[in-house]
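Residue numbers (my numbering), protein chains in the order written: chain A, 3 to 242; chain B, 12 to 100.
Wrong hints could be hidden among the right ones.
To spell it out: a stretch of chain B is covered by chain A in this simulated footprint if at least three of its residues, at any positions, have a beta carbon under 8 Å from a beta carbon of chain A; those stretches are [stated by the list, open to error]: (1) 46-60; (2) 74-88.
So the derived list for chain A, only partly shown, Cβ under 10 Å to chain B, looks like this [what the hints assert, rightly or not]: (3) Asp8; (4) Leu32; (5) His50; (6) Met65; (7) Gln79; (8) Ile99; (9) Leu163; (10) Val165; (11) Arg166; (12) Gly169; (13) Asn170; (14) Tyr206; (15) Ile210; (16) Val214.
To list a few chain B residues with every Cβ distance to chain A over 10 Å, as calculated [claimed, not checked]: (17) Ile18; (18) Ala21; (19) Ala38; (20) Glu41; (21) Gly42; (22) Asn91.
If you're looking for bench data, these hints aren't it; they were derived computationally from the structure.
Here a beta-carbon is modelled for each residue, glycine too, at the ideal position from N, C-alpha and C.
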Amino acid sequence: MKLSPDETIFWQHGFITINLTIVTTWAIMLVLVVGSVLITRKLKTGIHISRGQCILEMMVTFMNNQIKEIGLEKPEQYIGFIGTLFLFIAVANLCIIFPWYEAPTGSLSTTTALAICVFMAVPFFGIVKSGIGGYLKSYLKPTFIMLPFNLISEVSRTLALAVRLFGNIMSGGMIIAILLSITPFIFPIVMNALGLLTGTVQAYIFSILATVYIAAAVHDSKPSDKKLQVQTNNKEYKNG
Amino acid sequence: MDNVTLIAVASIVTAGLTTGIGCMFPALSEGKSVSTALSSIAQQPDAAPTITRTLFVGLAMIESTAIYCFVVSMILIFANPFWTHIIAK
């Protein structure tokens, strides 16, 4: 039994391997890029907008609201990264309705790559917000004793992100494969529908967790602002 | 029993136990968290979006432990390093 689409190999030369995961990933990237270019080529501001523009606007507004609710004040800065993660994982998971399709997120290499992107993006946004010194100080919070634990949590949550997405998608595919050999008619369809739900929820969770991590890095690395904010809040409270 | 049989028996039994126990406790805790979230949504319907989002993130955290157990048992069944070692020898 195949555990992941990595094992379907089309072409191999030296250590360069073209397998099903890479082909599907590039196909999804092509669909996403061409689709958004086609839709955003003729944007309108009037009342009558095209169907594609309506869908895109809904998605962008939804993501902006979600990012803002988690505590990042300027979602426009972060939606480029987080929205891309969400769209890619959601499309990759939802395409299981096509026959002979194997989700690239069911391969540990894809999910590890996505998790490493989050792992790199957290310090990037933290440094953009408050400089290298301010970001590095956030590792010493609440006291310097927590430094090793903060470092361990950075690595372990990256591992958890990768294994969670991989495990969920891989288990969904495997259950369908097992059911196909036992009851090939109705039940695989039901599990496939459940897989659509799981895929959407997993895409949502992956991007929400990335947002939470980024928000934590951005908030922890600005001590002076926070104190100021608390003071102003207290003042408002007293005045009100 | 020779070594090959011992490794096979240990791997199969451990894989079953891992998924069994590793599904049981996350299921209990997920049920607990969902029931708490439902009762708090019933008390405060205004806070439903926040509670739902936090619930999803928490459920993902809890469920990842079950997924770890599943991945470990999959490794034990399909990609067992001890089994390949003893077969290759």
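Q: Check each numbered hint from earlier against the structure, then list the numbers of those it violates in ascending order.
A: 1, 3, 4, 5, 6, 7 and 8
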